[in-house]
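Protein chains: 2
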Amino acid sequence: MPRLWSETIETHRHAVRDAALDAAAEVIARRGLASATMSEIAETTGIGRATLYKYFPDVESVIAAWHERQVSRHLAELEDASDRAQPSRRLEAVLEVYALHHRERADSALAPMLHPERVHHRSSSHGHDGHVDSAHQHLIDLFTKLIGERVQAGVVRDDIPPRELANYCLHALSAAATLESSAAVHRLCTVVLAGITRRH
Amino acid sequence: MPRLWSETIETHRHAVRDAALDAAAEVIARRGLASATMSEIAETTGIGRATLYKYFPDVESVIAAWHERQVSRHLAELEDASDRAQPSRRLEAVLEVYALHHRERADSALAPMLHPERVHHRSSSHGHDGHVDSAHQHLIDLFTKLIGERVQAGVVRDDIPPRELANYCLHALSAAATLESSAAVHRLCTVVLAGITRRH
Chain A
1 MPRLWSETIE THRHAVRDAA LDAAAEVIAR RGLASATMSE IAETTGIGRA TLYKYFPDVE
61 SVIAAWHERQ VSRHLAELED ASDRAQPSRR LEAVLEVYAL HHRERADSAL APMLHPERVH
121 HRSSSHGHDG HVDSAHQHLI DLFTKLIGER VQAGVVRDDI PPRELANYCL HALSAAATLE
181 SSAAVHRLCT VVLAGITRRH
Chain B
201 MPRLWSETIE THRHAVRDAA LDAAAEVIAR RGLASATMSE IAETTGIGRA TLYKYFPDVE
261 SVIAAWHERQ VSRHLAELED ASDRAQPSRR LEAVLEVYAL HHRERADSAL APMLHPERVH
321 HRSSSHGHDG HVDSAHQHLI DLFTKLIGER VQAGVVRDDI PPRELANYCL HALSAAATLE
381 SSAAVHRLCT VVLAGITRRH
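Top to bottom, those sequences are chains A and B. Numbering-wise (the numbering used here), the first sequence opens with residue 1 and increments by one. Numbering-wise (the numbering used here), the second sequence opens with residue 201 and increments by one.
One chain only, chain A, in its complex shape (with noise of 0.2 Å):
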């Protein structure tokens, strides 16, 4: 086989896949996670039913790819939000990226489908839920890398391990899924760096 042709069917089943996880995520919009079925996102992404069980064996294996690829792009973009930020900033940013997102997560008619406690719930016996544990793995990595880099500018606390400080940013972040304003959410990113701030 050419290596060209290779490429296109290669392309042709990213885009198959991407398109089946966007009708997913349609579906579960309208009917709600419990009452997808693997006929309906076929219906939905324009392909066969059979064509579909060639990507996925059953409903959870879409939703877990669905939610790998959300939480990859929620990880891109915050790595696009630190790149784009002069290195003294780059900790706000990411952070007011991720507590909006955070935010907007909640706003969402999709909102239960991303909750990584449901996710869990429906596709445990599937053992698809690595790909969480790994995103959340990156997450803490970033932030524990960004606050690295602020301890050694003196900015940052150095009485506490980054590691520790990641987490606590991460859970306190996730207090902006229950604000009403992003005034709010940004009053909330400016307590959680206030908590990692050196005293002087």
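In case anyone wonders, no lab produced these hints; they're calculated from the structure. The model shown is predicted, which means the values in this text are computed figures rather than measured ones. Do not take every clue at face value.
Covered by chain B, per the in silico footprint, the following chain A stretches (three or more residues, Cβ under 8 Å) [what the hints assert, rightly or not]:
1. 165–171
2. 178–190
Pulled a few chain B residues facing chain A out of the computed Cβ check, cut under 8 Å [said to hold, decoys possible]:
3. Gly-348
4. Val-351
5. Leu-365
6. His-371
7. Thr-378
8. Ala-384
9. Val-391
10. Val-392
11. Gly-395
12. Ile-396
Don't be surprised by glycine CBs; every beta carbon is placed ideally from N, CA and C.
Here the structure of chain A is known, so what remains is to put chain B in place on it, guided by the hints.
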């Protein structure tokens, strides 16, 4: 019916109910949340299955009642810690007790049972969840009151509403569930407090 007699019946009912809740916790620790049955809870309580049904219509109700009892006890424990401490140390004391409690929950064999999301999942169609929201409201109220006192004392920042700071504290302290030592829990409390402390 003489008053004493009705009081005796009331006391007896409370004792049976309490014993059934203890038994439920034991059965769930042994079998897991999904496999607990009314028969096994009755047997572990030392009463007949028919008697248990006079108290609770199904396993979900037992779980909801158990959870409600745990949350009430936890709130009482926090209020105790607050009352026992010097006024200037009340907020710190309650933060520590709350955080340590979160860590113990994570350690416990009953952790899945204690997770409100899970309880919600098993009992969501039965309408027993009001107590979780109302307990959470009590927690927020308690933290808001203690934070308000420290704002008055000029120790806690006054640029952010006490209720938002209380919400931040509760989320940030939930990081305790992932920590391995009580020293780390203490460090977490230091960071959380630093977040809300007024800068001079």
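Hints, one by one, checked against the model:
1. Under a criterion of three residues with beta carbons nearer than 8 Å to beta carbons of chain B, the stated coverage of the segment 165–171 of chain A is upheld, 5 such residues being counted.
2. For the segment 178–190 of chain A, the stated coverage by chain B holds: 6 residues have a C-beta nearer than 8 Å to a C-beta of that chain, and at least 3 were required.
3. Below 8 Å, beta-carbon pairs count as interface contacts, and Gly-348/B has none with chain A, the closest being about 16 Å; its hint is therefore violated.
4. The restraint placing Val-351/B at the interface with chain A is violated, with a minimum CB-CB distance near 13 Å, outside the 8 Å limit.
5. Restraint check, Leu-365/B versus chain A: the minimum CB separation of about 7 Å is within 8 Å; hint holds.
6. Because the closest C-beta pair between His-371/B and chain A is about 4 Å apart, less than 8 Å, the hint holds.
7. With a least beta-carbon distance of about 6 Å to chain A, the hint placing Thr-378/B at the interface is held under the 8 Å criterion.
8. A distance limit of 8 Å between C-beta atoms decides the matter here; for Ala-384/B the minimum to chain A is near 6 Å, and the interface restraint holds.
9. Taking 8 Å as the C-beta contact cut-off toward chain A, the hint placing Val-391/B at the interface holds, the least distance being around 4 Å.
10. Taking 8 Å as the C-beta contact cut-off toward chain A, the hint placing Val-392/B at the interface holds, the least distance being around 6 Å.
11. Look at Gly-395/B: its Cβ gets to within about 3 Å of chain A, closer than 8 Å, so that hint holds up.
12. For Ile-396/B, the shortest C-beta to C-beta distance to chain A is roughly 6 Å, which falls under 8 Å, so the interface hint holds.
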